[in-house]
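Going down the list, the sequences are from chains X and S.
Residues in the first sequence are numbered from 10 upward in steps of one, following the numbering used here.
Residues in the second sequence are numbered from 5 upward in steps of one, following the numbering used here.
Incorrect hints may have been included.
When the alpha-carbon atoms are kept at most 27 angstroms apart in a straight line, the in silico DSSO-like pairs for lysine-lysine are as follows [stated by the list, open to error]:
#: 1; chain 1: S; residue 1: K103; chain 2: X; residue 2: K67
#: 2; chain 1: X; residue 1: K79; chain 2: S; residue 2: K54
#: 3; chain 1: X; residue 1: K76; chain 2: S; residue 2: K54
#: 4; chain 1: S; residue 1: K103; chain 2: S; residue 2: K136
#: 5; chain 1: X; residue 1: K31; chain 2: S; residue 2: K54
#: 6; chain 1: S; residue 1: K79; chain 2: X; residue 2: K31
#: 7; chain 1: X; residue 1: K82; chain 2: X; residue 2: K65
Okay, the calculated beta carbon distance ranges per label pair [said to hold, decoys possible]:
#: 8; chain 1: X; residue 1: A15; chain 2: S; residue 2: E34; range: 26 to 34 angstroms
#: 9; chain 1: S; residue 1: K74; chain 2: X; residue 2: R92; range: 47 to 55 angstroms
#: 10; chain 1: X; residue 1: A15; chain 2: S; residue 2: K74; range: 36 to 44 angstroms
In case anyone wonders, no lab produced these hints; they're calculated from the structure.
The C-beta atom is built at its ideal place from N, Cα and C for all residues, glycine as well.
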Amino acid sequence: MDKLIADLKVQIIAQLNLQDTKPEDIADDQPLFVEGLGLDSIDALELIVLLQQQYKIKLSNAEDGPKVFKSVKTIAEYITAHRTQNQK
Amino acid sequence: MKTEIYIKASCIICNNAVYKNGQVVFENPEPGIARFLLSVYRHLQTDYPKFYKMDNLSKIGWLANEILLKDSFVKENNTAEETGVVLWNANSSLDTDIKYFASTKEMASPALFVYTLPNIVIGEICIRHQFKGENAFLISADFDARLMKDYVSNLINNNILQSCICGWVDMLGETGKAVLFLIEKNKTNHSLPFTTENINKIYQISNG
Numbered sequence: 010m011d012k013l014i015a016d017l018k019v020q021i022i023a024q025l026n027l028q029d030t031k032p033e034d035i036a037d038d039q040p041l042f043v044e045g046l047g048l049d050s051i052d053a054l055e056l057i058v059l060l061q062q063q064y065k066i067k068l069s070n071a072e073d074g075p076k077v078f079k080s081v082k083t084i085a086e087y088i089t090a091h092r093t094q095n096q097k
Numbered sequence: 005m006k007t008e009i010y011i012k013a014s015c016i017i018c019n020n021a022v023y024k025n026g027q028v029v030f031e032n033p034e035p036g037i038a039r040f041l042l043s044v045y046r047h048l049q050t051d052y053p054k055f056y057k058m059d060n061l062s063k064i065g066w067l068a069n070e071i072l073l074k075d076s077f078v079k080e081n082n083t084a085e086e087t088g089v090v091l092w093n094a095n096s097s098l099d100t101d102i103k104y105f106a107s108t109k110e111m112a113s114p115a116l117f118v119y120t121l122p123n124i125v126i127g128e129i130c131i132r133h134q135f136k137g138e139n140a141f142l143i144s145a146d147f148d149a150r151l152m153k154d155y156v157s158n159l160i161n162n163n164i165l166q167s168c169i170c171g172w173v174d175m176l177g178e179t180g181k182a183v184l185f186l187i188e189k190n191k192t193n194h195s196l197p198f199t200t201e202n203i204n205k206i207y208q209i210s211n212g
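Could you build all of it, start to finish, from the sequences and the hints given here?
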């Protein structure tokens, strides 16, 4: 999980063009939207693209978005759960 | 009734240089338009993370506007509802349209898609400064000083605007140009009459 979280931080910075942010600036459970990193709705779409491109995971239910994209940790948990499901 | 209208300030970004009121204020010979625009942003020492997400058309327009307004625009003298933005260019949002089209071959990029309209640069400027006045983005093959003068003068003479940011903001590939004017009713020591001749004289700086 730690490796996945570290990878995600690098990928999020690249995908969202957060050029003044370093991976160590993002806490694992820091809120990504509004407060915290201050991401917006377009960033949310870019995170969905990131999940599909990098991890071949589609967000099946849009209503899950706020829960899944709450923090880097919740994204990592979602990826881990769905990777396991895909492998079954 | 016709009102006296003045060019209070101008800003030009082109050919790896930035001019404020005709004087060079920043230069960077580093090749690549994206790197040059980033160097201008860093030179401004402004903290505005959304800059990084803009397309190159919005970046050059946003930067030119920041430099245009700095030390020239007095917010207290201008209401948000009576400050407008009117811009022109030749290539619309084609620079980003091409990049977006390329992205659709794999996975369409939402971040690129939102910049596939030229007037988004006006939105970026208005969000930054909370301007709520009349705005328009027009496309024409070449810069037309008379058209700009007539269009903006009409807005001011009819009391639709008290002040207007107007000019040319264009981007295609590695070639970008912004020539912005701050137009106001109030005369100041350094302001010039808003005439076709004065507009063309300032615009000529961008042609080298």
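Right, here's what the structure says about each hint:
Restraint check: the Cα-Cα separation between K103 of chain S and K67 of chain X comes to about 24 angstroms, which is no more than 27 angstroms; the hinted pair holds. Of the pairs offered as hints, the one joining K79 of chain X and K54 of chain S holds, with about 20 angstroms between alpha carbons and a cut-off of 27 angstroms not exceeded. For the suggested pair K76 of chain X and K54 of chain S, the alpha carbons sit about 24 angstroms apart, so the restraint of at most 27 angstroms is met. Annotation: proposed proximity of K103 of chain S to K136 of chain S is violated, straight-line Cα distance about 30 angstroms (limit 27 angstroms).
Our distance criterion of 27 angstroms between C-alpha atoms is met by K31 of chain X and K54 of chain S, whose separation comes to about 16 angstroms. At roughly 35 angstroms between alpha-carbon atoms, K79 of chain S and K31 of chain X are farther apart than 27 angstroms, so this suggested pair is violated. In summary, the hint linking K82 of chain X to K65 of chain X is supported, as the alpha carbons are separated by about 18 angstroms, within the 27 angstroms threshold. For A15 of chain X and E34 of chain S, the hinted distance range of 26 to 34 angstroms is satisfied, since their beta carbons lie about 32 angstroms from each other.
The beta-carbon spacing between K74 of chain S and R92 of chain X, approximately 50 angstroms, falls within the hinted interval of 47 to 55 angstroms. Take A15 of chain X and K74 of chain S: their Cβ atoms lie about 40 angstroms apart, and the range 36 to 44 angstroms holds.
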